[in-house]
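**Q** Take a look at the letters that make up each chain.
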Amino acid sequence: MLDRRRLPVVKPPFEDVVTRHGPTVLRVCRAVVGPSDAEDAWSETFLAALRAYPELPATANVEAWLVTIAHRKAVDQGRARGRRPVPVGELPERAATRAEPDAALWAALAALPPGQRQAVAYHHLGGLPYREVAAILGNSEAAARRSAADGVAALRRALTSVEVLW
Amino acid sequence: MTEPVALDRLHARLVAEADAAGLVDVAYRTIDSPVGPLLLAGTDAGLVRVAFESLGFDAVLATLAERISPRVLHAPRRLDAVARELEEYFSGRRRVFDVPVDLRLAAGFRRTVLEHLPEVPFGEVASYGGVAGLSGNPRAVRAVGTACGTNPVPIVVPCHRVVRSDGALGGYLGGVEAKRTLLALEGASVR
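Chains A and B supply the protein sequences, listed in that same order.
Its first residue numbered 342, the first sequence is counted upward by one per residue in our numbering.
Its first residue numbered 4, the second sequence is counted upward by one per residue in our numbering.
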């Protein structure tokens, strides 16, 4: 008998991908490149994803794929800006209008070394398992796990005076 | 940490940039109409799909992704001309649609039937047999019924003007009530 669950998986309309993963990718971009450049990174990520989408295997982990693209875009943005892949420590004016914990969080994130910041973003905000994070960062699962743990510990130290939700 | 406003703005920017780069293979939007909400979808070649809500818009979009391209985006502006013509039609100010139509979802004789349907004028009806004749195969009456029942662009390609030879309304892919509404709007006399 034909098992319907084993029929080929069909790729959903790209609109579904944007709706489902747009918020996560924005959080990841904000964490990795900072609030001021996050929207550019998000746009470049989804435009590149749209371009490549027809060739993506229907069984692929779409979220991990998007975060991988976002990572590349963030690295590109960093390169374009010279030798500093990190956003500046101080926050742009726009972010100042947001609630205080957010501002403190962005500042603390921006202050992390890139590897830690990326591991925290991809695992805790992007929701990817450490195996996927390691694939994106080009290191081992153990190293990815350690970077994320060190990053979260540093965030905790930086934010002890401020209430954060995660 | 994410606000809907930012995501709306980003979506609009993505659609504009994707459109400029030629990456929106299927654009879609929805409109309200006297026959309920309608989904409109278009390709570079023109209007490719008009769907009644009863089909489930998500299912329709999934089918478009599968049959045309998964690069499907909610890009309302791309369908402004179609939406405007439909609005004019529903308000009685338009009798003929002149937006380009992309019939790639229909093939063979079904497509031939759809190509001939606009020859049935606004406000008039034709029988399935009559349309079979128009389409060059007078005996293919049932095939005309199938072509109408699977018309990917109803209303704009007016399969609602095809009725049974005894004058009865016959079926309609949007439901018989929708057919009745459309024919009443055109002032066609049917039983």
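Everything labelled a hint here was simulated from the structure, so no lab data went into it.
The C-beta atom is built at its ideal place from N, Cα and C for all residues, glycine as well.
It is possible that some hints are incorrect.
Label-pair restraints from in silico Cβ distances [what the hints assert, rightly or not]: (1) A/A476 / B/G111: 45 to 51 Å; (2) A/R361 / B/R183: 44 to 50 Å; (3) B/V99 / A/P398: 33 to 39 Å; (4) B/G49 / A/G468: 39 to 45 Å; (5) B/A171 / A/E396: 23 to 29 Å; (6) B/R16 / A/R361: 17 to 23 Å; (7) A/A490 / B/D22: 41 to 47 Å; (8) A/L397 / B/V99: 38 to 44 Å; (9) B/L58 / A/D381: 37 to 43 Å.
Just so you have them, the derived chain B footprint on chain A, three or more residues with Cβ under 8 Å [said to hold, decoys possible]: (10) 359-371; (11) 392-398; (12) 481-494.
**Q** Hints first: check each against the structure and report whether it holds.
**A** Okay, the hints, checked on the actual structure:
A beta carbon spacing of about 47 Å between A/A476 and B/G111 agrees with the range 45 to 51 Å that was offered as a hint. Between A/R361 and B/R183 the CB atoms are about 39 Å apart, so this pair departs from the stated range of 44 to 50 Å. For B/V99 paired with A/P398, a C-beta distance near 45 Å fails the hint of 33 to 39 Å. The hinted range of 39 to 45 Å is satisfied by B/G49 and A/G468, whose Cβ atoms lie roughly 40 Å apart.
Taken as a hint, the range 23 to 29 Å is violated for the pair B/A171 and A/E396, whose Cβ atoms sit roughly 50 Å apart. The hint said 17 to 23 Å for the Cβ distance between B/R16 and A/R361, and at roughly 18 Å that hint holds. Under the hint 41 to 47 Å, the C-beta atoms of A/A490 and B/D22, about 43 Å apart, fit the expected range. For A/L397 and B/V99, the hinted distance range of 38 to 44 Å is satisfied, since their beta carbons lie about 42 Å from each other.
Between B/L58 and A/D381 the C-beta distance comes to about 38 Å, which sits within the given range of 37 to 43 Å. Only residues whose C-beta sits within less than 8 Å of a C-beta in chain B count toward coverage, and the stretch 359-371 of chain A has 6 of them, enough to reach three; the restraint holds. A count of 3 residues in the stretch 392-398 of chain A with a Cβ less than 8 Å from any Cβ of chain B is obtained; the coverage claim is therefore met, three being the minimum. Counting residues of the stretch 481-494 of chain A whose beta carbon lies closer than 8 Å to any beta carbon of chain B gives 0, which falls below the threshold of three, so the coverage claim is violated.
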